[in-house]
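Asker: Sequence:
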Amino acid sequence: MDVSDVTPQLDQLEAELNKAQDSLGPLLGDIGDISSKLPLLDKAKLYVLVAYTIEALLFSTLRLNGVDTKNHPIFTELTRVKQYVDKIEKLENPPAERENTVNTEATARFLRSDLGDNKDIKAKLTELIAKEREKAAAKASEKKRPAEEAAAESSTAAAGETLSKRPKRNGGKKKK
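Using this note's numbering, read the sequence shown as starting at 1 and increasing by one per residue.
Note that these hints are calculated values from the structure, not bench results.
Careful: at least some of the hints might be erroneous.
With beta-carbon atoms standing in for the labels, derived distance ranges [unchecked claim]:
1. Asn-18 to Lys-87: 33 to 43 angstroms
2. Asp-33 to Val-102: 18 to 28 angstroms
3. Glu-77 to Asp-42: 18 to 28 angstroms
4. Glu-142 to Glu-97: 12 to 22 angstroms
Since the structure is predicted, the reported quantities are computational estimates derived from the model, not experimental observations.
Glycine residues also receive a C-beta, built at the ideal position from the N, C-alpha and C atoms.
Use the sequences and the hints to build the structure in full.
Answerer: Set out below in structure tokens:
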């Protein structure tokens with residue numbers, strides 16, 4: 001390839017770099033003034049964004065010059081800045097806190113198996129297990145998506161006919 005063939009592309013690249021420099025000039029020149037007006041989290045995002053931009057530009061320059069960037073210190077710096085971006089994202093979107101709840105159904109099963117000799121306790125625990133299963137089923141049905149509800153209703157209608165023919169488990173007594 002002849003060098004004279006590349007000259008128009010180099011001129012275009014130089015013009016684009018000048019545009020980028022003109023665009024970034026006000027931001028990089030007065031970054032302290034700009035960041036002083038921002039809240040703390042936005043200030044951190046601004047500094048990390050500027051650092052990442054500079055590192056990415058250096059990385060790209062090295063790649064264009066044929067340098068092995070995987071073994072170059074710029075790669076570790078780019079990775080470090082990415083970790084800061086991840087930390088900021090975790091601060092913005094914290095994971096939902098886990099609720100510490102007691103699984104009463106499992107507790108009742110353990111107690112029923114240990115105290116199986118006493119018929120009154122065993123009956124009460126069996127009733128408690130049934131109530132907890134009903135609560136869990138009601139909670140699960142609330143979480144279903146509308147598309148799943150439509151499919152569930154059609155299958156429940158068919159299953160309801162067979163269930164209505166079955167005898168009731170608790171002898172027809174109402175639950176408290």
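Asker: Between the beta carbons of Asp-33 and Val-102, is the distance compatible with 18 to 28 angstroms?
Answerer: Roughly 55 angstroms apart at Cβ, these two residues miss the hinted range, so it is violated.
Asker: Holds or violated: 18 to 28 angstroms for the Cβ distance of Glu-77 and Asp-42?
Answerer: About 23 angstroms separates the Cβ atoms of Glu-77 and Asp-42, which means 18 to 28 angstroms holds.
Asker: Is 12 to 22 angstroms right for how far apart the beta carbons of Glu-142 and Glu-97 are?
Answerer: holds (20 angstroms)
Asker: Looking only at beta-carbon atoms, does the pair Asn-18, Lys-87 fall within the given range of 33 to 43 angstroms?
Answerer: holds (35 angstroms)
Checked against the numbered hints above, the structure breaks only hint 2 and satisfies the rest.
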